[in-house]
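There are 2 protein chains.
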Amino acid sequence: MLFRCSGSGDVAGVPVFGCNCPACARARRDPRHCRGPASAEIDSDHGRYLIDAGRHDLIQSCEQRRPRAILLTHYHADHVQGLLTLRWGVGESIPVFGPRDERGFDDLYKHPGILDFRPPLRAFEPCDIGGLTVMPVPLAHSRPTFGYCLQGVRRRVAYLTDTVGLPAETERFLRAFRPDLALIDATYLDGQDAGSNHNHLGQALALLAAIGTRQGVLTHLGHRLDCAALEGRLELPQGRWLAEDGQTWEI
Amino acid sequence: MLFRCSGSGDVAGVPVFGCNCPACARARRDPRHCRGPASAEIDSDHGRYLIDAGRHDLIQSCEQRRPRAILLTHYHADHVQGLLTLRWGVGESIPVFGPRDERGFDDLYKHPGILDFRPPLRAFEPCDIGGLTVMPVPLAHSRPTFGYCLQGVRRRVAYLTDTVGLPAETERFLRAFRPDLALIDATYLDGQDAGSNHNHLGQALALLAAIGTRQGVLTHLGHRLDCAALEGRLELPQGRWLAEDGQTWEI
Ligand SMILES: [Mn+2]
Ligand SMILES: [Mn+2]
Ligand SMILES: [Mn+2]
Ligand SMILES: [Mn+2]
Ligand SMILES: [Zn+2]
Ligand SMILES: [Zn+2]
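Going line by line, the protein sequences match chains D and E.
All the letters of the first sequence, read from the start, carry residue numbers 1 to 251 under full-length UniProt numbering.
All the letters of the second sequence, read from the start, carry residue numbers 1 to 251 under full-length UniProt numbering.
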């Protein structure tokens, strides 16, 4: 089974439109350093599953291999905007799972097209999303948001964005689950003035330590983290990395 | 001065996700036949102006030449979705003009970022959007929607999407304005079962005839029109064409 980080950027992405910082300039020169909207994919013998749908190449990617299901963390634009066009496709419907959120996004519920919005998942109740079992864990964000835990063939994975800190019950669950691989929101550099909706780097590292995961990957990253890394101002403990778009793990 | 049709597709675009009709298959083989979300651009000595912002390459396009202003026809997703990311850019703000629409789209009004939403334009009142004068004309659609008329150096242009028919006052105005070039919504093939929000082809052709424009370009096109054209089932009167993405006129 494969787990892929298909997008590792925050809401602005890298490069940020109009920004000439060293990280954004580098990403324009070399697309390997670009960061798209935070999202992930799971490939198994049963099919392909997407976590979130904000990526700008969603349609092209789904044409290459039609997803068996889409799992949403929450209904912010950078996590669902690709559905605005995808829904108008043809063929078999695509089940969409996620947290309870009456509002959803724009008119997606009203005009779902080929999307089949399933009843909301329930926190800490394992759910079969068509051949794959996932465990939704509540995160701390401005909209109802789930992280997802899953047991691969070889490794346990936790995907934890968007969040600022973790609800106590979720942290307790994760300590017991002991993921081998955890991806977590680390939008902001420490000291960076920010909203109260995402982790700073130090916060993210502390959470990874508390969970006790061996491999900890920082995602939903803003360009300032890339700048800091580029300028040698970022020291990460062993087993901690900045995510990259396209990075894939055998799980 | 240049007028460019940067996107000529309906809400699904061409190719439609998952569709294997001859038109969608052709577009997959040859990107020149792809249709992105309906939109346009005006290039003048004063700068670059965008009409609508639904295109999937909005950011890349704006990085090449930063627009002086963005003019919105209305707040449906396929006309504004690119703003969801563009707003998080940096640098000088970008003025955004459009019709009065209290709802706007998602949280764009609440978190405008670098977008500077200007007071709503008023029907039939010419407006300077930063070096370019445009005339907003009401269209008939499910949301408040403006078409735009403008006087180029050599030619008068009318951009008329999204609409089903035209309000009487707008048609009267256009007969007097006598555009040299008009782009108009022709989403559906005649006889195609459809919503009541967009023109069928026959309706669009009748409106172009009524307005008396010499060059009439059909836009906001669905794949079924391309299929009909591809299979030789589409006969257009002289001076009438299907739009193409990227098509540019000296105006
Ligand atoms: Mn969010
Ligand atoms: Mn986000
Ligand atoms: Mn519309
Ligand atoms: Mn439209
Ligand atoms: Zn930057
Ligand atoms: Zn088709």
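It is possible that some hints are incorrect.
Not the full set, but computed from the structure, chain D residues with beta-carbon under 7 angstroms of chain E [said to hold, decoys possible]:
{"hint": "1", "residue": "12"}
{"hint": "2", "residue": "16"}
{"hint": "3", "residue": "19"}
{"hint": "4", "residue": "77"}
{"hint": "5", "residue": "84"}
{"hint": "6", "residue": "89"}
{"hint": "7", "residue": "90"}
{"hint": "8", "residue": "106"}
{"hint": "9", "residue": "108"}
{"hint": "10", "residue": "109"}
{"hint": "11", "residue": "111"}
{"hint": "12", "residue": "115"}
{"hint": "13", "residue": "119"}
It is worth saying that the hints were derived from the structure and are not from the lab.
Just so it is clear, the structure is predicted and the values come from calculations on it, not from any experiment.
Where is the CB? At the ideal position from N, CA and C, for every residue including glycine.
Results of checking the hints against the structure:
1. Against a cut-off of 7 angstroms between C-beta atoms, the interface hint on residue 12(D) holds, since the closest Cβ of chain E lies about 4 angstroms away.
2. Interface hint at residue 16(D): satisfied, since its Cβ lies 6 angstroms from the closest Cβ of chain E, which is below the 7 angstroms cut-off.
3. The interface hint given for residue 19(D) holds, since its Cβ lies 5 angstroms from the closest Cβ of chain E, which is under the 7 angstroms cut-off.
4. Hint status for residue 77(D): holds, given a least beta-carbon distance of 4 angstroms to chain E, under 7 angstroms.
5. Interface restraint check for residue 84(D): the shortest CB-CB distance to chain E comes to about 4 angstroms, inside 7 angstroms, so the restraint holds.
6. Annotation: residue 89(D) was flagged as interfacial toward chain E, and the flag holds, the nearest CB pair being 3 angstroms apart, inside 7 angstroms.
7. Because the beta carbon of residue 90(D) sits about 5 angstroms from the nearest beta carbon in chain E, less than 7 angstroms, this interface hint is met.
8. For the restraint placing residue 106(D) at the interface with chain E, the shortest Cβ-Cβ distance is roughly 6 angstroms, inside the 7 angstroms limit, so the hint holds.
9. Proximity of residue 108(D) to chain E is violated relative to the hint, the smallest CB-CB distance being about 9 angstroms (cut-off 7 angstroms).
10. Below 7 angstroms, beta-carbon pairs count as interface contacts, and residue 109(D) has none with chain E, the closest being about 13 angstroms; its hint is therefore violated.
11. Of the supplied interface hints, the one on residue 111(D) is violated, with its beta-carbon coming no nearer than about 9 angstroms to a beta-carbon of chain E, more than 7 angstroms.
12. Interface hint at residue 115(D): violated, since its Cβ lies 11 angstroms from the closest Cβ of chain E, which is beyond the 7 angstroms cut-off.
13. The closest approach between the C-beta of residue 119(D) and any C-beta of chain E is roughly 24 angstroms, which is over the 7 angstroms cut-off, so the hint fails.
Checked against the numbered hints above, the structure breaks hints 9, 10, 11, 12, 13 and satisfies the rest.
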